[in-house]
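There are 2 protein chains.
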Amino acid sequence: MSLIVQKYGGSSVADATSVKRVARRIVDTKKSGDEVVVVVSAMGDTTDELLDLANEVSPLPPGRELDMLLTAGERISMAVLAMAIHDLGAEARSYTGSQAGLITDSAHGAARIIDVSPGRISEALAEGAIPIVAGFQGVAQDSKDITTLGRGGSDTTAVALAAALNADVCEIYTDVDGVFSTDPRVVPAARRVPFITYEEMMELAAVGAKVLHLRCVEYARRFDLPIHVRSSFSSKEGTWVMSPEAITRAIEEGRAMEQPIISGVAADVNDAKVTVVGVPDKPGQASAIFRALADAGINIDMIVQNVSAAATGRTDVTFTCPEGSVQQAMEAINARREAIEFESLTVDEHIAKVSLIGAGMRSHPGVSADFFQALAETGINVEMISTSEIRISVVTRVDDSTKAVQALHSAFGLDADGEAVVYAGSGR
Amino acid sequence: MSLIVQKYGGSSVADATSVKRVARRIVDTKKSGDEVVVVVSAMGDTTDELLDLANEVSPLPPGRELDMLLTAGERISMAVLAMAIHDLGAEARSYTGSQAGLITDSAHGAARIIDVSPGRISEALAEGAIPIVAGFQGVAQDSKDITTLGRGGSDTTAVALAAALNADVCEIYTDVDGVFSTDPRVVPAARRVPFITYEEMMELAAVGAKVLHLRCVEYARRFDLPIHVRSSFSSKEGTWVMSPEAITRAIEEGRAMEQPIISGVAADVNDAKVTVVGVPDKPGQASAIFRALADAGINIDMIVQNVSAAATGRTDVTFTCPEGSVQQAMEAINARREAIEFESLTVDEHIAKVSLIGAGMRSHPGVSADFFQALAETGINVEMISTSEIRISVVTRVDDSTKAVQALHSAFGLDADGEAVVYAGSGR
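Protein chains in written order, with this note's numbering: chain F, 191 to 618; chain W, 191 to 618.
It should be emphasised that the hints constitute simulated quantities derived from the structure, not laboratory data.
It is possible that some hints are incorrect.
Repeated chains share a single entry, so a pair holds when one copy, or any two copies, can fit it.
[Unchecked claim] Straight-line distance between alpha carbons at most 30 angstroms, and here's what the computed DSSO-like set of lysine-lysine pairs gives:
id, residue 1, residue 2
1, LYS593, LYS221
2, LYS426, LYS334
3, LYS426, LYS400
4, LYS221, LYS472
5, LYS220, LYS334
6, LYS221, LYS334
7, LYS593, LYS400
8, LYS472, LYS220
9, LYS334, LYS593
Isolated chain F, as found in the complex:
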């Protein structure tokens, strides 16, 4: 008997019909002999509708009240799902984040989980009931106020709860069949990736894949908890996100084929490029820029500093950040104009970040060469480069991103009709 935590997203419980279908799946899992704990998001567009209502009464609602409002969404979906399960003859009990023991800090709208004390969930399981837990929400340790976890919060709830309950697997149900080698809308030959490591999945999440949120994968890696991403509309196997050791075991057991060098290609068009022009080329200037950005809470990604022009003793510093942070970034830098001594600021939002991810590139030195050759042959100009041990990312013109993804997907043998024995991995 396994303990399975199943998480259903908003699209899986969009209306009464979907709720009943999900209820049937949950009851079937229970009947097959496993213990089940369910984490559920708000139904369909509920969260957006609640946000609209908030905006009707206040342009800038306080975070505490916004969290109180938004948590009504999961309250509705979890109660309705419990009713649907009850209607199939099984016992289900819904629990708010607070009742399920999701203790967070008090950063409203983006709270971090501090502790999970799922005493009531364990009791419900012991009594043979199916606990239904509200995703995305918790209770602040100090103020006892209701909090929300921010983007990808329900996935994080599911993984944190699975870890605290020592579950065997956390199943994340969504409206696609799993993680793909790249966005199937861009490359129709994209393949589903059967197995991927936490590290690769984190790199993918960081460069724009939307299937799993970075924070949830981090959490799963810390507790070595297998995640199974799959569709709530079919019973097909999806994508297993696991440790390299667990994947090796799966290969030994014949459940997986040999692991590929490259798992996927992703493009992110939501970043912008900011250039701080004419910064004196002396120690401390770059530090002043990035301290200003850090103090303003802005996540920056790639950084490039030009070789200084000998005549002027000045250089340009370029970085990328999410488009939504550009205004704030410019204000933060302008506010320290005297310390940084720059000449001007330029912004370019017409960029894309194209990334290749694969744990295998660690031991295969030719990957970079193949990567740049594929882009060069397609006539794509590379503006910035950044690499990690298992990822190569470049900034290109946004209009080139589709061509770049297609070229790389094909060059690394990821196309489904290709001959290469590689798997793949990228979000949609």
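With chain F's structure known, arrange chain W on it following the hints.
Same frame as chain F, now just chain W:
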């Protein structure tokens, strides 16, 4: 400085515009120097919409989950109201029933308040914030599950909280100007009643007036807490519900005129008449009937037993109960057919209960005579009679109820254009 608990019903916060209007009223009260605690119902039709959603997934949802679902309604309205107040520059904090310390038994859907521990509300007041509390809901003492208080629950929350906080008054805001001498749709000359005793208000609530729920008035009487029923759409004085002593003080202070003999007339068309035909006229038979009904949890109202027919030694027992309980009542009695030994059961749903209420009838013996004379002169046949110290009720044909109300309202000088110095009181 007074402490005022203000309760706003669903029609007062039906949409963003109404919420803003209510927020303005709350902030004005606070600015005028009083402390304010707000209790709020779900917005407009939210509760009905949630019930519809529940019915889509389950014909008979478990009470625990129905309560979890319905409490999302007040969660939304209280958060939105807090935002609107915040937008006017005052600080508001919303609290669920559980957070506000509303401790109940675990009778889902109709929980009773066991205790109120409003520690967080007092803290918020001490910090200068306006607490916004979800009406209608609490938390079960034993199971820690979320409960709802049933019909009129938000009024009861407001009164219970006001009592626990030792507030000076509980203001119940609604969409009418207060309590009327009878339903203004039936008698256009109906008057607003400025003062009414708890007892009279309870009798009115019991016979079909819908402005205040019986339970909330009972609670207020127990703690001698004045209730002020008024419209959220105007700043007019409404109806004060208080003890006879408080009304006497108001008269002495010149705030009220002398109290009337009769305060109002009400008609309730939602009862049915059930007759148990041919019951042996021997000790214990009536008891067996009413024990069966009590065990089934059915509230019965009027009871009449015919004089027994000497030839058969059998009699008929007739009682009234809410139309919604008729089916259950018949099943309960049929299930004890052998013990009760009756011959048949008949049901009549075409009845109305017409009532006259007034604390003054205690000391005015002529009221009954005038009552029956007014009905007789209008040609209305009386089928059953029941009286309390301050109420006379009769059952008539449902088609006669409007005529009966008009005749009584006029006969006791309640018409607004009449000359009598009486006040009046009946719900709509």
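Results for each hint:
For the homomeric pair LYS593 and LYS221, neither the shortest alpha-carbon distance inside one copy (48 angstroms) nor that between copies (63 angstroms) is at most 30 angstroms. When the C-alpha separation of LYS426 and LYS334 is checked against a cutoff of 30 angstroms, the pair qualifies neither within a copy, at 41 angstroms, nor between copies, at 39 angstroms. Taking CA atoms no more than 30 angstroms apart as the test, LYS426 paired with LYS400 passes inside one copy only; the shortest distance there is 20 angstroms, against 56 angstroms between copies. Taking CA atoms no more than 30 angstroms apart as the test, LYS221 paired with LYS472 passes in neither setting, with 69 angstroms inside one copy and 57 angstroms between copies.
Taking the closest pair of Cα atoms, LYS220 and LYS334 come within 30 angstroms of each other only across two copies (26 angstroms); inside a single copy the shortest separation is 34 angstroms, beyond that limit. In the homo-oligomer, the alpha carbons of LYS221 and LYS334 lie at most 30 angstroms apart only across protomers (28 angstroms), although the nearest pairing inside one protomer, at 37 angstroms, exceeds that limit. Only within a single protomer do LYS593 and LYS400 lie at most 30 angstroms apart by alpha-carbon distance; the minimum there is 20 angstroms, versus 69 angstroms between protomers. In this assembly of identical chains, LYS472 and LYS220 lie within 30 angstroms of each other by CA distance neither inside one copy nor across copies; the values are 65 angstroms within and 57 angstroms between.
In this assembly of identical chains, the alpha carbons of LYS334 and LYS593 never lie at most 30 angstroms apart, being 51 angstroms within a copy and 57 angstroms across copies at closest.
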